[in-house]
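Q: What follows is the residue order along each chain.
There are 2 protein chains.
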Amino acid sequence: MNKVAIVGHSTTKFRKLAEKSIYELACEPSMDILRSSRIPADKIEGLLFSSCSHDLYGGAIASEMLGVNPKITCRIDNLCNSGTAAITTAYSYISSGLCNSVLVVGAELHNSPGSKLIWDVSRGNFTSPIYWASVFAKMHMRKYGTAEEDMANIAVKNRSSAADNPNAMFNKPIALEDVLNSRKLVDPIKLLDCSALCSGAASVLLVSEDLARNLDVQPIWIDGIGQQTNCASIAHAIPGIFEKGASKLAALYAYKMARLEPSDIQVAEIHDAFTIMEIMAYEDLGFARAGKGASYALDGSITVNPRGGILGSGHPIGATGIAQVCEIVCQLRHEAGIRQAGSSNVGLVHNLAAAGTSATVMILRSE
Amino acid sequence: MNKVAIVGHSTTKFRKLAEKSIYELACEPSMDILRSSRIPADKIEGLLFSSCSHDLYGGAIASEMLGVNPKITCRIDNLCNSGTAAITTAYSYISSGLCNSVLVVGAELHNSPGSKLIWDVSRGNFTSPIYWASVFAKMHMRKYGTAEEDMANIAVKNRSSAADNPNAMFNKPIALEDVLNSRKLVDPIKLLDCSALCSGAASVLLVSEDLARNLDVQPIWIDGIGQQTNCASIAHAIPGIFEKGASKLAALYAYKMARLEPSDIQVAEIHDAFTIMEIMAYEDLGFARAGKGASYALDGSITVNPRGGILGSGHPIGATGIAQVCEIVCQLRHEAGIRQAGSSNVGLVHNLAAAGTSATVMILRSE
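Taken in sequence, the protein lines are chains A and B.
For the first sequence, this note's numbering gives the first residue as 1239, with consecutive numbering after it.
For the second sequence, this note's numbering gives the first residue as 1239, with consecutive numbering after it.
Warning: the hint list may mix true and false statements.
Which copy is meant is left open, so a pair is good if it fits within one copy or across any two.
Unchecked claim - In silico DSBU-like pairs for lysine-lysine, Cα to Cα no more than 35 angstroms straight-line: (1) K1376 with K1354; (2) K1281 with K1482; (3) K1258 with K1482; (4) K1422 with K1251; (5) K1410 with K1422; (6) K1281 with K1381.
None of these hints come from the bench; they were simulated from the model.
So here's chain A without its partners, still in its complex pose:
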């Protein structure tokens, strides 16, 4: 398997309204990478567009707007983990030898059709993701004694981190009482337990080892990729969610491929679309034992969601997984400024979709 490196990363400011088209938005971070990387636009051999919008042919359209003429283009949709699905695909194009360089761009507008899970008849009219978050939270509270305060702690932590991230949607810290007193939407989930859909775009540039060695930038290597799709509907997702959920399996595959253990991870971006999801992820990723996710949030050794996570940064669906990877690349290059998490050289990204029915875990490493 040929090695693959990330040599460029950029995100837009995440905000409620973009006031531009999804493609103009997609061009922002992509142009930033093309300007700053040492690779001329005509050497970009692949372009993947990650989005849940209804716009078709996005790979070719973004290519034309960016002035690149790639061999391979297409649009990737896998709901909330579209972004890491696209990066996985770019990885495989390079590792298999089909391409030497792939630009991956994710973009979404705040009113994306990806915000409703309408295909799943087992949900009835409960198409909003908050309903599955509510079920999972109740299950975790019942089984492990997790409290509403434990979930609120996650929101406080991530909003606090977001205050150090100029591209985050939310830049003001909040207090525990703010979360606990925020409007209860679906018991036990309150407004500030939820991430907010928003407009935003993020891009990364992946290249082959040969190309990476010839560039004057610090490469960040993709050492492990784990993915798992267990099902698509919540009725199938609920049983065994704590024991054999897609995140847990994806993590196992990623650690195995990278030949690393959870204890080797120093910094992580975790899919905190709802506060309970970060608590569950600590356990799924092996950072904490089963039922101990809530306390891990207070005394864990790994820096989690330094950019503010999805709770603090906002959730532009098709861009989210790519923005997570951007942050870990930034951290491993020690370019994160006031939010730099020590001298980390191994990081993890966890991205999931639709009640955790599918998940991606990636492990990145600097040299």
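Here the structure of chain A is known, so what remains is to put chain B in place on it, guided by the hints.
A: Here is chain B on its own, set in the frame of chain A:
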């Protein structure tokens, strides 16, 4: 680069109305492959869904409906070459070592949103593909003296072949006069110069060399993949379409990867969404010299579009490229019955999108 084989193929009957959901349609050929292949459903490690519908999360949904639990899933859209984009992606997942087996399924309903090219402001209100086909036909006629009869010949040939394909939408041969007397839609394109959007699904199963060697089925190897995206809009596609179009570049890359020449090809599926496109493709693929595509249709040595092509089979957008690959696999296994094209062992698939702005060429080989 690890070798990748196709070990299963199936298509539905293509028809105007499916009278079922896109996912039920997708399950038809996929279940056929799962039933007939020697690979248990729980060994399918990837599932790619190719479609231009607005339905999101199709990879996971199709997985759940089929009872498979793949590692990797996503939906791929690249308009009319979504199907071969998905097969290329499956190839790279296997060749890179991320998966050992990937089921690729394409499905579309006749009223797909992929039938309009609405993003391209350079088209004005001319969003239907027939407008670019008209421009290309006029250009070819002016430059090379191609006649309306030459285009009509292609329709006659492919409708005749479709009569031998029980899964084709059109099963009755037509005469040259039928085409020439059919309603002129956009000069010089007449009704019978056009393929018809329809409902349909097609699936292929790709596996690693190790897995292929352990199955009791004849593997068909993917020896060459060439892809090129030149642009997305017709204003950029027109200049140089005969000299450096995406199809021509994709063919060069595919021949180079397979270490073959056009003269090595024995059977081909060519993207004949309009009759002029098959004439242009003969030239782009190196089967005929520039301007000689029309005469190649009459006396060429390669069997082209034995299933009836898109003109005879119908055009279920996201399934088309996969159905083309199914036919070549069938031909190379010598399983095509009355439409078998001799004892071919090298075949080619040519699939393009949106005024030829992007194209895929694949070269397949039996042992």
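Q: Determine for every hint whether it applies to the structure shown.
A: Now the hints, each set against the structure:
no., hint, in the structure
1, K1376 with K1354, "within (21 angstroms within a copy, 46 angstroms between copies)"
2, K1281 with K1482, "between (42 angstroms within a copy, 17 angstroms between copies)"
3, K1258 with K1482, "between (41 angstroms within a copy, 33 angstroms between copies)"
4, K1422 with K1251, "within (28 angstroms within a copy, 51 angstroms between copies)"
5, K1410 with K1422, "within (21 angstroms within a copy, 64 angstroms between copies)"
6, K1281 with K1381, "between (53 angstroms within a copy, 33 angstroms between copies)"
In terms of the numbered hints stated before, the structure departs from none.
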